[in-house]
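K.L.:
Spelled out from the first residue to the last, the chains are:
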Amino acid sequence: MDTREKDIEKLKDYKYGFTTDIENIKAPKGLNEDVIKFISNIKKEPQWMLDFRLNAFERLKLLKEPNWQKPKYPKIDYQDLYYYSAPKSMKDKPKSLDELDPKLLDTYKKLGIPLQEQARLNGIAVDAVFDSVSVATTFKGELTKHGIIFCSMSEAIQKHPDLVKKYLGTVIPVTDHFFATLNSAVFTDGSFVYIPEGVRCPMELSTYFRINASETGQFERTLIIADKGSYVSYLEGCTAPMRDENQLHAANVELIALDDAEIKYSTVQNWYPGDENGKGGIYNFVTKRGLCKGNNSKISWTQVETGSAITWKYPSCILKGDNSIGEFYSIAITNNHQKADTGTKMIHLGKNTKSKIISKGISAGFSDMTYRGLVDINSKAKNSSNYTQCDSLLMGNKCGAHTVPYIKNKNFDSNIAHEATTSKISEEQLHYCQQRGLNPEEAVGLIVNGFCKEVLQQLPMEFAVEAQKLVGISLEGSVG
Amino acid sequence: MSEQLQSDFDKIVKISKFSDEEIKFKKIFLNNFIKRGFPNRKQEDWKFLDISQIIKKNINDLSFFNDYSHSNKIDPSILVDGLEHNKIIFINGRIEKIDFNFEDQNKIEIIDEIKKDITFDYENSLIDLNSAFTDKVFKILIKKNYSLKKPLIIYHSTNDKINSTNINLRLDFELGENSCLKLIDYFADNTAKNFINIFYNFDLQKDSVLKNYKIDKFRNDNLKYSFNNIDQGNNSVSETFILSTGSDYLKNEINCNLNGEYSSAFINGVFSLKENQQHEIRTTINHLVEKTKSYQLIKSVLGKNSKSAYQGRIYVNSKAQKTDGYQLSKAILLDETSEFNAKPELEIYADDVKCSHGSASGSLDENSIFYLMSRGLNYQQSKELLINGFLLDVVEKITDPEIKNLIKTIIGLKE
Numbered sequence: 001m002d003t004r005e006k007d008i009e010k011l012k013d014y015k016y017g018f019t020t021d022i023e024n025i026k027a028p029k030g031l032n033e034d035v036i037k038f039i040s041n042i043k044k045e046p047q048w049m050l051d052f053r054l055n056a057f058e059r060l061k062l063l064k065e066p067n068w069q070k071p072k073y074p075k076i077d078y079q080d081l082y083y084y085s086a087p088k089s090m091k092d093k094p095k096s097l098d099e100l101d102p103k104l105l106d107t108y109k110k111l112g113i114p115l116q117e118q119a120r121l122n123g124i125a126v127d128a129v130f131d132s133v134s135v136a137t138t139f140k141g142e143l144t145k146h147g148i149i150f151c152s153m154s155e156a157i158q159k160h161p162d163l164v165k166k167y168l169g170t171v172i173p174v175t176d177h178f179f180a181t182l183n184s185a186v187f188t189d190g191s192f193v194y195i196p197e198g199v200r201c202p203m204e205l206s207t208y209f210r211i212n213a214s215e216t217g218q219f220e221r222t223l224i225i226a227d228k229g230s231y232v233s234y235l236e237g238c239t240a241p242m243r244d245e246n247q248l249h250a251a252n253v254e255l256i257a258l259d260d261a262e263i264k265y266s267t268v269q270n271w272y273p274g275d276e277n278g279k280g281g282i283y284n285f286v287t288k289r290g291l292c293k294g295n296n297s298k299i300s301w302t303q304v305e306t307g308s309a310i311t312w313k314y315p316s317c318i319l320k321g322d323n324s325i326g327e328f329y330s331i332a333i334t335n336n337h338q339k340a341d342t343g344t345k346m347i348h349l350g351k352n353t354k355s356k357i358i359s360k361g362i363s364a365g366f367s368d369m370t371y372r373g374l375v376d377i378n379s380k381a382k383n384s385s386n387y388t389q390c391d392s393l394l395m396g397n398k399c400g401a402h403t404v405p406y407i408k409n410k411n412f413d414s415n416i417a418h419e420a421t422t423s424k425i426s427e428e429q430l431h432y433c434q435q436r437g438l439n440p441e442e443a444v445g446l447i448v449n450g451f452c453k454e455v456l457q458q459l460p461m462e463f464a465v466e467a468q469k470l471v472g473i474s475l476e477g478s479v480g
Numbered sequence: 481m482s483e484q485l486q487s488d489f490d491k492i493v494k495i496s497k498f499s500d501e502e503i504k505f506k507k508i509f510l511n512n513f514i515k516r517g518f519p520n521r522k523q524e525d526w527k528f529l530d531i532s533q534i535i536k537k538n539i540n541d542l543s544f545f546n547d548y549s550h551s552n553k554i555d556p557s558i559l560v561d562g563l564e565h566n567k568i569i570f571i572n573g574r575i576e577k578i579d580f581n582f583e584d585q586n587k588i589e590i591i592d593e594i595k596k597d598i599t600f601d602y603e604n605s606l607i608d609l610n611s612a613f614t615d616k617v618f619k620i621l622i623k624k625n626y627s628l629k630k631p632l633i634i635y636h637s638t639n640d641k642i643n644s645t646n647i648n649l650r651l652d653f654e655l656g657e658n659s660c661l662k663l664i665d666y667f668a669d670n671t672a673k674n675f676i677n678i679f680y681n682f683d684l685q686k687d688s689v690l691k692n693y694k695i696d697k698f699r700n701d702n703l704k705y706s707f708n709n710i711d712q713g714n715n716s717v718s719e720t721f722i723l724s725t726g727s728d729y730l731k732n733e734i735n736c737n738l739n740g741e742y743s744s745a746f747i748n749g750v751f752s753l754k755e756n757q758q759h760e761i762r763t764t765i766n767h768l769v770e771k772t773k774s775y776q777l778i779k780s781v782l783g784k785n786s787k788s789a790y791q792g793r794i795y796v797n798s799k800a801q802k803t804d805g806y807q808l809s810k811a812i813l814l815d816e817t818s819e820f821n822a823k824p825e826l827e828i829y830a831d832d833v834k835c836s837h838g839s840a841s842g843s844l845d846e847n848s849i850f851y852l853m854s855r856g857l858n859y860q861q862s863k864e865l866l867i868n869g870f871l872l873d874v875v876e877k878i879t880d881p882e883i884k885n886l887i888k889t890i891i892g893l894k895e
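Taken in order, these protein sequences are the chains called A and B.
Take the first sequence: its position 210, counted from the start at 1, is 210 in this note's numbering, and no numbers get skipped.
Take the second sequence: its position 201, counted from the start at 1, is 681 in this note's numbering, and no numbers get skipped.
Just so you know, not all the hints are guaranteed correct.
[Said to hold, decoys possible] Now the stretches of chain B that chain A is said to cover, found in silico as 3 or more residues with beta-carbon under 8 Å: (1) 832-842; (2) 851-861.
[As the list claims (entries may be wrong)] DSS-like cross-link-like pairs, simulated, lysine-lysine; straight-line CA separation at most 25 Å: (3) Lys424(A) / Lys410(A); (4) Lys72(A) / Lys522(B); (5) Lys799(B) / Lys424(A); (6) Lys351(A) / Lys877(B); (7) Lys228(A) / Lys424(A); (8) Lys673(B) / Lys686(B); (9) Lys888(B) / Lys382(A); (10) Lys37(A) / Lys61(A).
[What the hints assert, rightly or not] Per the computed footprint, the stretches of chain A lying under chain B, defined by three or more beta-carbons under 8 Å from a beta-carbon of chain B, are: (11) 290-300; (12) 388-400; (13) 403-412.
Source of the hints: derived by calculation from the structure; they are not laboratory data.
Where a beta carbon is used, it is the ideal one built from N, C-alpha and C, also for glycine.
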């Protein structure tokens with residue numbers, strides 16, 4: 001046991017833990033109507049948007065913070081947060097990347113995200129969100145050629161108000177739960193994607209989120225609409241500096257797939273998880289929901305969750321269109337004092353709908369991990385099926401792994417199958433690998449990668465490599 | 481409702497022979513219940529079937545007062561034929577007969593005392609209701625090294641002399657070292673729309689064996705709740721079998737604490753439901769020490785407008801290494817109005833464990849029906865044969881051959 005604890009201490013530093021020294025504009029501390037008006041004002045939003053926010057804020061006053069989740073956290077003082085923070089240089093939006101503050105470009109270079117379009121090799125269009133605002137979106141020209149809209153949310157509100165008005169809040173209404181409603185009231189920026197009818201997006205779209213300023217919460221809102229017969233693959237990555245305080249990240253992500261459309265949404269979440277004693281770190285309370293609105297549509301969520309002090313999110317699919325498909329692939333890794341309560345909801349409403357859930361949880365150190373999922377087959381969802389598999393791996397006896405699936409079958413034509421196992425890495429497997437010359441750490445890495453393979457396969461190539469490395473780093477030192 | 485509770489309680493106190501101390505404790509439970517009321521869907525454990533709504537819908541006037549000073553006549557037709565057995569007979573909530581004729585009387589002790597307190601944590605207001613209104617609580621003690629020769633059947637019966645719409649029963653059992661008890665709960669109801677609340681407490685010492693078979697077979701309009709609390713010592717075994725088909729509403733709850741090494745718990749259940757029946761099994765198995773084992777198998781066959789729910793929880797303490805835990809729930813939905821809900825939960829804090837669960841639900845396999853029909857059976861026969869096989873699987877898990885045969889005959893299963 002002692003060696004294990006020592007090993008944990010050796011854990012590699014969080015390499016994205018630096019802060020960028022940059023001048024900020026902040027909204028006054030606190031949550032009230034004036035702050036919401038301030039945000040709306042600084043973003044030059046039309047009246048309907050402000051009404052949307054104020055409506056949400058009215059609603060928020062009636063709501064209570066939920067407390068049924070497994071990881072408990074100290075009470076958050078919502079009046080002691082900055083709800084808007086933006087680099088000063090962004091006040092008058094730079095027209096092109098050349099005008100962008102070099103410090104910002106540097107930051108993203110350090111994070112390994114090239115914003116300059118020269119870095120074409122990557123071939124991924126990136127929207128970078130720094131604290132509360134989107135700082136740059138790359139590859140705009142090429143995307144416009146196909147009629148694809150990929151821009152920041154604030155820009156979309158200005159330039160494409162019809163689309164935003166039509167779809168914003170249709171999947172996650174302002175009347176949703178506490179954190180979603182909070183987001184509706186104070187959201188600052190995020191990405192907006194619209195893929196027109198019949199277009200297959202030629203490259204991966206990606207958003208990179210970065211929290212920099214202290215005492216701020218990040219509330220971004222992403223809206224992706226895939227029109228009839230279109231396809232898009234979207235990636236999301238996140239990091240934050242190391243700080244002793246806990247920072248709140250409460251984003252909303254809405255996906256809408258119309259007839260025959262497909263959206264693939266991948267997340268590699270690596271927010272700062274706090275130090276080895278559980279001090280600091282991000283509270284990642286995110287609401288992600290996709291609506292398969294049209295027939296034959298498909299939404300697929302893939303997530304690799306390695307960061308954050310507390311992760312609490314359930315990317316869900318509402319399978320409304322007939323023959324629609326929902327998928328959820330997840331790897332969640334917790335180490336030290338991290339806590340995660342994550343899973344998915346598959347709500348089958350249309351006929352012949354199918355869903356698949358593959359969830360892999362790994363907990364080490366003193367961490368706690370919960371898979372919580374809902375599969376609900378409605379009485380009208382004839383001939384639907386679901387398959388769920390959730391496996392947990394435990395490393396050490398100071399951590400916990402929990403599985404809480406809710407299964408509701410109201411349709412006799414439909415099938416639900418659920419399987420879950422919890423185990424540790426077997427001595428035989430370790431022995432086998434070590435016999436062939438791997439050291440214990442490598443052996444564990446190999447076995448864990450095999451354990452996660454089904455999910456890693458779902459990630460786009462560039463991300464898969466990063467995620468695989470991340471899995472290794474997150475577990476370093478947890479082998480005893 | 482609280483006025484009714486209070487006035488019925490006062491009536492009971494007036495005619496009873498309870499001591500002052502007993503009344504004091506009963507009052508605490510009564511006040512707890514008045515404060516909390518019946519559990520509802522806001523509580524996680526009652527999410528799927530909301531008992532407060534079900535009671536409201538089915539029972540118009542809830543009343544709690546029964547005069548237990550007169551005895552009831554035992555209707556011999558309710559007794560089980562073809563199996564020699566010991567008896568405890570409850571009629572309308574009153575113990576009419578305790579009969580251990582087949583046993584060595586020195587080895588069994590019946591203690592007539594009201595347990596004043598409940599020693600475990602519970603968040604269940606129905607236990608408050610039970611503790612406030614039970615008539616007498618008997619504790620049955622099986623002494624060291626004694627195995628009962630014949631099974632004990634507890635008859636739960638009601639007749640038209642019943643006064644209240646709610647009955648509360650409680651029995652405590654202590655199984656001494658290396659003892660064995662086979663216990664059958666048998667329901668024979670002759671009234672409708674009563675809420676019956678049963679609470680058993682079992683204390684299993686080292687090496688003891690408890691086999692509990694709960695048989696709710698005959699169609700009746702009553703609502704029932706049964707709670708078993710089982711504490712297990714080293715190397716003890718508990719086996720629970722639940723046949724859940726008769727009542728309008730039935731919830732069986734089992735809370736099992738595996739306190740001793742090598743102890744094991746087995747829970748098997750069968751739901752076979754139709755017309756508006758709503759049944760639930762909820763289990764909590766607490767693996768608290770090393771090398772314990774639990775196994776659960778629950779199967780449902782659901783007809784028109786029926787609903788079943790299974791909530792199973794396996795908790796593994798960080799000390800409980802080498803735990804082996806397993807849950808499987810399966811359901812066949814026969815009609816478009818039937819509904820199956822499950823929440824198989826694992827909560828694990830130790831790493832060297834083997835825990836898994838599975839759940840599957842769907843309709844009867846058309847291919848299998850086709851196979852049988854191509855061999856000359858008609859549709860109805862093939863369907864019955866498949867359901868028969870599906871349920872037989874659970875009944876085969878019963879370890880006592882005599883009781884297994886009895887239950888097979890009761891359900892009408894063929895081999």
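K.L.:
Each of the hints needs a verdict: does it hold here or not?
P.N.:
Hint check:
Only when three residues or more bring their CB closer than 8 Å to a CB of chain A does the claim for the region 832-842 of chain B stand; here the count is 11, and the claim holds. Only residues whose C-beta sits within less than 8 Å of a C-beta in chain A count toward coverage, and the region 851-861 of chain B has 0 of them, not enough to reach three; the restraint is violated. As the CA atoms of Lys424(A) and Lys410(A) are separated by approximately 35 Å, the hinted pair breaks the 25 Å bound. For the given pair, Lys72(A) sits about 20 Å from Lys522(B) by alpha-carbon distance, which is consistent with the 25 Å threshold.
A distance of roughly 15 Å separates the Cα atoms of Lys799(B) and Lys424(A); the hinted pair therefore holds under the 25 Å criterion. In summary, the hint linking Lys351(A) to Lys877(B) is not supported, as the alpha carbons are separated by about 38 Å, beyond the 25 Å threshold. Note on Lys228(A) and Lys424(A): the hinted pairing is violated, with a Cα-Cα distance of about 45 Å set against a maximum of 25 Å. With a C-alpha separation of about 41 Å, the suggested pair Lys673(B) and Lys686(B) falls outside the 25 Å cut-off, and the hint is violated.
Taken as a hint, the Lys888(B) and Lys382(A) pair is broken in the structure, with Cα atoms around 35 Å apart against an allowance of 25 Å. Distance hint between Lys37(A) and Lys61(A) is fulfilled; the C-alpha atoms sit about 17 Å from each other, no more than 25 Å. Given as covered by chain B, the region 290-300 of chain A fails the check, having 0 residues with a CB less than 8 Å from a CB of that chain where 3 are the minimum. Only when three residues or more bring their CB closer than 8 Å to a CB of chain B does the claim for the region 388-400 of chain A stand; here the count is 8, and the claim holds.
Chain B is given as covering the region 403-412 of chain A, and this holds because 10 residues of the stretch bring a CB closer than 8 Å to a CB of that chain, at least three being needed.
In the structure shown, a violation is registered for the earlier hints numbered 2, 3, 6, 7, 8, 9, 11, in ascending order.
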